[in-house]
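2 protein chains.
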Amino acid sequence: MVVTNTITETRYIVGVNRKTGKRIGLVPTMGYLHRGHCSLIRRARKENDFVVVSIFVNPTQFGLNEDFSAYPRDFERDKNLCFEAGTDLIFYPSINEIYPKELSTYVYSEKLTNTMCGAFRPGHFRGVATVVCKLFNIVQPDSAYFGEKDVQQLTVINRMTEDLNFPIKIVSVSTVREKDGLAMSSRNSYLSDNERKSAVVLIKSLMAAKDLIKKGERNAAVICKVMNELIAKETLAGLEYIAIVDKKELQPLQLLTGDVLIALAVKIGKTRLIDNMSFKIEKSKRKFIHEAINVSGKNTSSYCDRC
Amino acid sequence: MVVTNTITETRYIVGVNRKTGKRIGLVPTMGYLHRGHCSLIRRARKENDFVVVSIFVNPTQFGLNEDFSAYPRDFERDKNLCFEAGTDLIFYPSINEIYPKELSTYVYSEKLTNTMCGAFRPGHFRGVATVVCKLFNIVQPDSAYFGEKDVQQLTVINRMTEDLNFPIKIVSVSTVREKDGLAMSSRNSYLSDNERKSAVVLIKSLMAAKDLIKKGERNAAVICKVMNELIAKETLAGLEYIAIVDKKELQPLQLLTGDVLIALAVKIGKTRLIDNMSFKIEKSKRKFIHEAINVSGKNTSSYCDRC
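Protein chains in written order, with my numbering: chain B, 1 to 307; chain A, 1 to 307.
One or more of the hints may lead you astray.
Identical chains share a label here; the pair holds if one copy fits it or two copies do between them.
[Stated by the list, open to error] With a straight-line cut-off of 27 Å between C-alpha atoms, the simulated DSS-like cross-links for lysine-lysine are:
hint: 1; residue 1: LYS22; residue 2: LYS101
hint: 2; residue 1: LYS247; residue 2: LYS111
hint: 3; residue 1: LYS19; residue 2: LYS46
hint: 4; residue 1: LYS280; residue 2: LYS169
hint: 5; residue 1: LYS22; residue 2: LYS233
hint: 6; residue 1: LYS248; residue 2: LYS270
hint: 7; residue 1: LYS22; residue 2: LYS169
hint: 8; residue 1: LYS179; residue 2: LYS22
hint: 9; residue 1: LYS247; residue 2: LYS101
hint: 10; residue 1: LYS19; residue 2: LYS169
hint: 11; residue 1: LYS22; residue 2: LYS204
hint: 12; residue 1: LYS204; residue 2: LYS111
hint: 13; residue 1: LYS280; residue 2: LYS215
hint: 14; residue 1: LYS79; residue 2: LYS210
hint: 15; residue 1: LYS101; residue 2: LYS169
Hints are computed from structural coordinates only; laboratory data are not their basis.
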């Protein structure tokens, strides 16, 4: 395994491998790797001849009051995990290497970012799309691997790749969870013991939604209300949003049908966590249209568009 | 020479040539080729082993009231010109091939497009940057060729290539002119005989600016006034803008120094023409700061920021 810090070096080494006909896989990360990242790397290892992991805490996708400076970093630990998972090259650039001067050009997704995290983190997905576009052009992989936990990011990147004709296959990999169901996230390291216990409310509320859907519930407002009530019971939890949307365009649904995504963002103490679950809902002959029910969020004025 | 209409076919043929180590040159055009385009193709021919010319009248770079439908098209003529200039492959896609569904992702330049044509054609350079990004990803050339007549486009694409780390060399090629100095443009075909005679006012006013600069004039307002007066004398000509800007950032200059660009857009009858000239101005010990002089445009309320 080799570690590179510059674009030139990275291009050279990847280029040499590409020329010998090797398939290149890229796993873009912000480091502080967990088992979720390792699952991406192992998948890339399985499907490619040369695996590149980029580790770059990208400043342009953090808002002014977000946790860019505090974001956990541990390169030595990451290096070991990368090695164990089968990485060939770690691209570990400085901010100056990626942004040698103020950017003038940006990539953005117009329609997929007005809901969910995009509505709460203005500029976030522009930062993500732009840096991923840069990484795609630096590494020029055959395939790139992204986790399903960051489902809006995955959707934006999938669409970017398609819209801008990148000759790259985007591979989505299932969320890896702790034993109690909490989705793996570098930000879980911020949680105190009590917060860690509370954090399970995200998957709990998604499981409650799943149960309702299994029982035939199709009204988004009803599902949202139940999820919201579960979160409201957790004293350390503050809901940011619950979104019940069509999976492709990420636009709100009133009635669940087709490919449905339920996603949420919750602050546990000061730590913002996200999670989601997808459902394929066949058109039923029975209709489950209920009256919209008004509920209000806790510690937040705006969350699910449906409630 | 081969003509392709699909992305798949184009990628396949270019890919085969790339694999044998051939250097790929791309000349993106909107067709209705003239000697300017041919000069780009010949330059690409000289510097590459395999030359791709794309011919695509890109709808997303035209405003609602612009000439997308009227834009001249003559594929048979273009094909001959491409062949004569040394093209290996013409990529001639349909609109549906390039935009199979509504785009969600765009590339745009934030800072370079608030002046000059960008100020008068909102969305134009977003359309240009996005389609060029798509063509770059479809053809993956080593070099791409653009004319200096469309200087703001050239600047936007240069910066896009740099900002997004496209591994592509952008080659700019000098404007080719008619004998009387009129810059070659597909839109010159719109001109009546009288309009054609009037159209020479663009280069005339640039030459006047050049003379003034040679004589030591460094005040943008003074140069702008002289250019404006020349255009005002042409009854068929209506000034859109005169811009005296620094060549790199395209931001207005009051005092000419360093790399300076003088660009203008003029309507000759209904036909909008553009032209420009660059100057390298050494810092002089003598200062040429004049009072700003107020003049007003003809047939337009807004033109040079300096006047």
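Evaluation of the provided hints:
1. LYS22 <-> LYS101: Answer is neither: 33 Å inside a copy and 33 Å across each miss the 27 Å cutoff.
2. LYS247 <-> LYS111: within (13 Å within a copy, 34 Å between copies)
3. LYS19 <-> LYS46: both (20 Å within a copy, 25 Å between copies)
4. LYS280 <-> LYS169: So LYS280 and LYS169 pass the 27 Å test inside one copy only (23 Å; across, 46 Å).
5. LYS22 <-> LYS233: neither (53 Å within a copy, 65 Å between copies)
6. LYS248 <-> LYS270: neither (31 Å within a copy, 43 Å between copies)
7. LYS22 <-> LYS169: both (15 Å within a copy, 25 Å between copies)
8. LYS179 <-> LYS22: neither (37 Å within a copy, 53 Å between copies)
9. LYS247 <-> LYS101: This pair counts as between: shortest inter-copy Cα distance 17 Å, intra-copy 36 Å.
10. LYS19 <-> LYS169: both (19 Å within a copy, 20 Å between copies)
11. LYS22 <-> LYS204: This pair counts as neither: shortest intra-copy Cα distance 43 Å, inter-copy 57 Å.
12. LYS204 <-> LYS111: Intra 30 Å, inter 46 Å, cutoff 27 Å: neither.
13. LYS280 <-> LYS215: Result: close within a single copy only, 14 Å intra versus 74 Å inter.
14. LYS79 <-> LYS210: neither (38 Å within a copy, 59 Å between copies)
15. LYS101 <-> LYS169: between (30 Å within a copy, 19 Å between copies)
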